Every structure is written in structure tokens, then in C-alpha cells.
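**Q** Sequence:
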Amino acid sequence: MPPIDTLERLGETFALDAPTDRKRMLVIVNPYATTVSDRLKNLVVYALQGRYEVDAIDTKGKNDATALAREAALEGYDVVVAFGGDGTVNEAANGLHGSDTPLSCLPGGATNVYARMLGIPNDIVDATEHLLRVADDFRPRKVDLVQVNDRVFTFCAGLGLDAAVTERVDRHPRLKRRFGAYYFMYAGLEIFTTRYIARPPHMEVELPDGTTFAGVTTLVQNADPYSYFKTIPLHLAEGAALDSGNVSGVVLRRSTPTIMPGVIFRMLAPNARLAKHRAVDQFGGIDGLVVRSTDGREIPLQVDGDHIGDVTEARFSILPQALTVVS
Numbered sequence: 001m002p003p004i005d006t007l008e009r010l011g012e013t014f015a016l017d018a019p020t021d022r023k024r025m026l027v028i029v030n031p032y033a034t035t036v037s038d039r040l041k042n043l044v045v046y047a048l049q050g051r052y053e054v055d056a057i058d059t060k061g062k063n064d065a066t067a068l069a070r071e072a073a074l075e076g077y078d079v080v081v082a083f084g085g086d087g088t089v090n091e092a093a094n095g096l097h098g099s100d101t102p103l104s105c106l107p108g109g110a111t112n113v114y115a116r117m118l119g120i121p122n123d124i125v126d127a128t129e130h131l132l133r134v135a136d137d138f139r140p141r142k143v144d145l146v147q148v149n150d151r152v153f154t155f156c157a158g159l160g161l162d163a164a165v166t167e168r169v170d171r172h173p174r175l176k177r178r179f180g181a182y183y184f185m186y187a188g189l190e191i192f193t194t195r196y197i198a199r200p201p202h203m204e205v206e207l208p209d210g211t212t213f214a215g216v217t218t219l220v221q222n223a224d225p226y227s228y229f230k231t232i233p234l235h236l237a238e239g240a241a242l243d244s245g246n247v248s249g250v251v252l253r254r255s256t257p258t259i260m261p262g263v264i265f266r267m268l269a270p271n272a273r274l275a276k277h278r279a280v281d282q283f284g285g286i287d288g289l290v291v292r293s294t295d296g297r298e299i300p301l302q303v304d305g306d307h308i309g310d311v312t313e314a315r316f317s318i319l320p321q322a323l324t325v326v327s
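Going by the numbering used here, the sequence shown opens with residue 1, and the numbers climb by one from there.
No lab work stands behind these hints: they were computed from the structure.
This one's a predicted model, so the numbers in the text were calculated from it and none came from an experiment.
For glycine and all other residues, C-beta sits at the position ideal for the given N, C-alpha and C.
Restraint ranges, calculated between C-beta atoms of paired labels, are given here: (1) V125 x P257: 38 to 48 Å; (2) I259 x T13: 50 to 60 Å; (3) F138 x E71: 13 to 23 Å; (4) K62 x T13: 29 to 39 Å; (5) L74 x R195: 35 to 45 Å; (6) V125 x R253: 42 to 52 Å; (7) G296 x N122: 39 to 49 Å; (8) Q321 x L175: 31 to 41 Å; (9) R139 x Y186: 35 to 45 Å; (10) R199 x Q321: 38 to 48 Å; (11) Q321 x K276: 25 to 35 Å; (12) R278 x Q321: 30 to 40 Å; (13) D209 x Y32: 37 to 47 Å; (14) E71 x R139: 19 to 29 Å.
Starting from the given sequences, assemble the full structure and let the hints guide the process.
**A** Laid out in C-alpha cells, this is it:
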């Protein structure tokens, strides 16, 4: 937890020469996020008031951040800040996409992938100071989103093994908060041994040119890296970027005990390429794709690290420059 005087001094220092026309900022706070507390929220808001007119609202349940962000755009806020994990950021992006109201982030989750992609520090004190400095060089820019069925996401989506792990972790928030990445490892091992060795779900991936891949897990990226294991970036597909106008991804053909150790090694090793694994197909530079169940079973789907349901079909399409961000 950052010391009280550190954040207090930030606000006081930046308030000394603050402009008279401060920008209006709405901070959407997920009070259940891994590192968020009432005390920390109050300190951060106090510091941000050194440069902005700040309102802060806690979310109370799923999709609250979407409704709050949409309302903020209609009310004319200059910037909306998602203070929580990547799930909070995703919900805020769903409320802001298509508007000119910029989104920014403060790291309050276990991983904070999107904040890191935008160049926002992963330490809350450093991130707060970063947003204070942004007020003096406020330059919003457009980035892409991807829509899957009726939901948009900012950086990644997955069907199959990783989504099943996400669903399990989401059901145990206390363990997620306490053990972080290690609980993901435990859940992944349990789900792999109980569901994916003997009878994994089967799916087909169809690209716009008619190319198809068969597999048991599909990972789709709007940016790189796909995620982080603690501080280690996980580079899966190649060529993905927030403003590239296309998506990339990989398909895992099989999930057997002989294949998975090599897959995990290539995900974590800095110089290894997952796409070169014999059980992996890669795609990229496309504006959409369709993933279908081929055995009639529903497949778990996650976006930006949150399980959003089980589906028999997922239709992906790129939304170029659909979100405004400031960082």
C-alpha cells in the first residue's frame, strides 16, 4: 500500500500551478478489484484533484462500468478512468466505444494488461503521477476494438482451455486476490487434467478467405502481448497491434500431456515462438473470423480476462478506431 503522504504530496504539488480550466474526470472504481480499497481510492482521487475536476463512483455489479461510462460520455466528461482490473476496463470500453470521450486506466487488478499497453505504469503511485502529467499534454488518440457476438474487447479473447481457467478463477475471487498468477496455474492444471486430456471440446475456426483450422482452443488478439504471467509478457500470435486494423490469433490443435509442456515453454520463453509449435496454427492480418463448436458442446468464452459465457458460435469482427484513449 503506498504511504499516505506520497499521494497527498502528488496532489498538492500539481495543484500549485494547475490550469483554471481543469478537465472533468470520472473515475469508475471497482471496489472488489485485487489491489483496490476505500483508503487507496480516496488517496488517488485526492491526488488527481491536483489537475482535474474529479468525480468517483464505485461499481456494484456486472456491467455497472458500462452504464456509468456511457452516461459519462452523454454528460460531457473529458475523460473516463477505469480504476480496477482488465474486466473493469473492458466494461468501460463497451460503454465508450463509438464516442469521442477518451478512456484511461489506473491499475487495480492482478495483471492490468491494457494499462501497460497504453504505457501507464503498473504501480499505482507512478500511474497516478502519470495521469496528472497527462493533463498538461492531453492528446487523445483512436485505437481499435474487436466485437465478438454482442460484446467488444480491447486486447484479447479466448475460447476453450484459457476461458475455462478464467471461469474457474472468477468463481473464487478471494483465492485470485490472494494467490494471483499462481492460482491461475493451479486452476489451469486442474482443468487440463480433468477436462482436456480425455475429451476436450472441439471447434473449427473459419477465416474470411475460407481457410479453416480444427482445434480445442482458440486465442484471438487485438494487441500484443496476449497477457502477462506476473511480469513476463505472453507473446502468442504475431502482428497484432492496437491500431493495426486487423486481428491475429492462434489455434491449439490438440491438448495432450506430451504437447502442453512445449506449448507452455514457448508461451513463457522470451525467444521461443508459439506459432512454430507443431500443434499450433497461426492466423493474422484479417478483419474477422468465426469459431464454431463441431461436437455440439458449448465452449467457454472469455474477453479481456473475464469469462462472459459459453457459446456454440463466436463471430469476431474488427472495429477500426472505435475507441478513444488518452495515456
